[in-house]
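All chains, full assembly: derive it from the sequences and hints.
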Amino acid sequence: MRRVLGPVLFFSAIAAVWEFGVAWFDVPRYLLPPLSRVASAAWETRDEIVSNAVVTAGEVLGGFLLATFVGVGLGALIHASALARRTLYPLVTAFNGMPKIALAPLLVVWFGYGFTSKVVASFVFAAFPIVVATVGGLAATPFVLDEHFRALGATTWDTFWRLRLPAALPSITDGLRIGMPLAVIGATVGEFVGAERGLGYLILFATTQARIDLVFAGILAVTLLSVGFSWMVERASRAVWWRAYS
Amino acid sequence: MPPAPVIVVRGVTKSFASTTSARPRRSAAGAGPVQALADVTVTIGDHEFVSILGPSGCGKSTLIRIVAGLTGYDSGEVTVNGSPMVGPVPEVGVVFQTSNLLPWLTVQDNLMLGARLRRMSATETAARLAALLQSLGLGGFEQRYPHELSGGMRQRVALGQALALDPAVLLMDEPFAALDALTRDRLNVELLRLWQARRQTALLVTHSILEAVFLSDRVLVMSPRPGTIAHERVIDLPRPRDPEHTRRDPRFQEHVNELAKLMGVF
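Heads up: the sequence lines are chains D and R, in that order. So in the working numbering, the last spot in the first sequence is 246, and the numbers never skip. So in the working numbering, the last spot in the second sequence is 1266, and the numbers never skip.
It should be emphasised that the hints constitute simulated quantities derived from the structure, not laboratory data. Just so you know, not all the hints are guaranteed correct.
Unchecked claim - Per label pair, the in silico range of CB-to-CB distance: (1) R:Ala1004 <-> D:Pro142: 37 to 45 Å; (2) D:Pro142 <-> R:His1207: 18 to 26 Å; (3) R:Ala1230 <-> D:Ala244: 41 to 49 Å; (4) R:Asp1249 <-> D:Ala239: 41 to 49 Å; (5) R:His1147 <-> D:Arg85: 45 to 53 Å; (6) R:His1147 <-> D:Arg2: 44 to 52 Å; (7) R:His1147 <-> D:Val70: 44 to 52 Å; (8) R:His1147 <-> D:Val17: 55 to 63 Å.
Claimed, not checked - Computed footprint of chain R on chain D, listed as stretches where at least three residues anywhere in the stretch have a Cβ under 8 Å from a Cβ of chain R: (9) 46-54; (10) 192-206.
No residue lacks a Cβ here, since even glycine has one placed at the ideal position from N, Cα and C.
Structure (structure tokens):
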């Protein structure tokens, strides 16, 4: 009970400041509607919000899974091959340095208006931290364990699967936690640039209609989606319990 | 007739390039290569237990890693059972200074790690596991994880990891250095018991004169860096040994005193 009390009070206070601050300072509704207005807009358009959220969730899931597999794979390759470290790693780093938002229109041109371009956008946003976390985690294998595996006659393959990867998992799960919200941002950006469905599309559409209450409802929905997905990654990463004992 | 040599180290030298590019250069003095071993010759016979004593940094650990095939050497010759060491082999078991257990594996899986990596059959390993758990006093701890064990228990598992492949040669690099004195004494007795049952050809690196005398047939004393074998002392205490009688033997104290003198303790 006490555990719940703090957060409930905290978020209620934020909601109250929003609700009454808007009235107190007489903020026009087309700039910032009161929270109650946002809530009722969300309730009235709940069917639309949910159906668009399902679309965005699918894109995020696709992009995040792709980023996980490609990110860990690229990280492993960069770790294993000196050539990849000198070629792929700088390329990936440079790619990450690009303003990825500027890439989004191109992705729509290349992959179309639908699901695929959003998955790719989501992937592009989420992959880099996963690559970096994988490379870092694999490189941080304790030397004594590495030597121990050599003494036991382990093959490179065995050393990777039985030692390096498990030892790198705490770091990799950190990368996944950073990547998850980025995957949500990527999908939303993709929908902003060109889409017919999804929460990003809903937000953009509401903006053009000057439905600021619905814009906020859409932003809250994206945020909830992101928090929900992050919570799932957080829960899943608890399977890597040996973090503290490595 | 002396026993047939199993471990032969002849005229081995080894230098390390001291500066790595990742480390900032501090002074010109530290820049050149460091000679760790200078002309080391050691011969260890079948079923013989030999210990190496020496000051910190004298290259004892380097020597054991060379014999284990974990690191190369500049010149000389190293053979185990007649074949030159070019890499780790299953008949040589190694116990390291710190217990190198995998935190995500249970005691049982840690013990069987070597067997799995060497692709040994499941039935064979299961039988050996049962015997190992028994003889190491680890019964009931099979499903525990390393972090749930005491330091002494962890070192027992590390010893078990090396013994799991039933090696003919056992190399130990200060295996009990991180333990408290009481646990260390206990594990010395355990090691003696396990060794007397199998009589592996054993090479132990240690800082403890008592440990070396208690366990060994022969004790080698290394010089400070660059390390070389400075003295050799045959420990003529009768076998089988046990803590009661061996430590009370007047020769035990004499060996300890003489080795302490050789090492410059007094």
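| Going back to the hint list, which numbers does this structure go against? | Checked against the structure, the hints that fail are numbers 4, 5, 6, 7, 8, 9 and 10, while the rest are satisfied.
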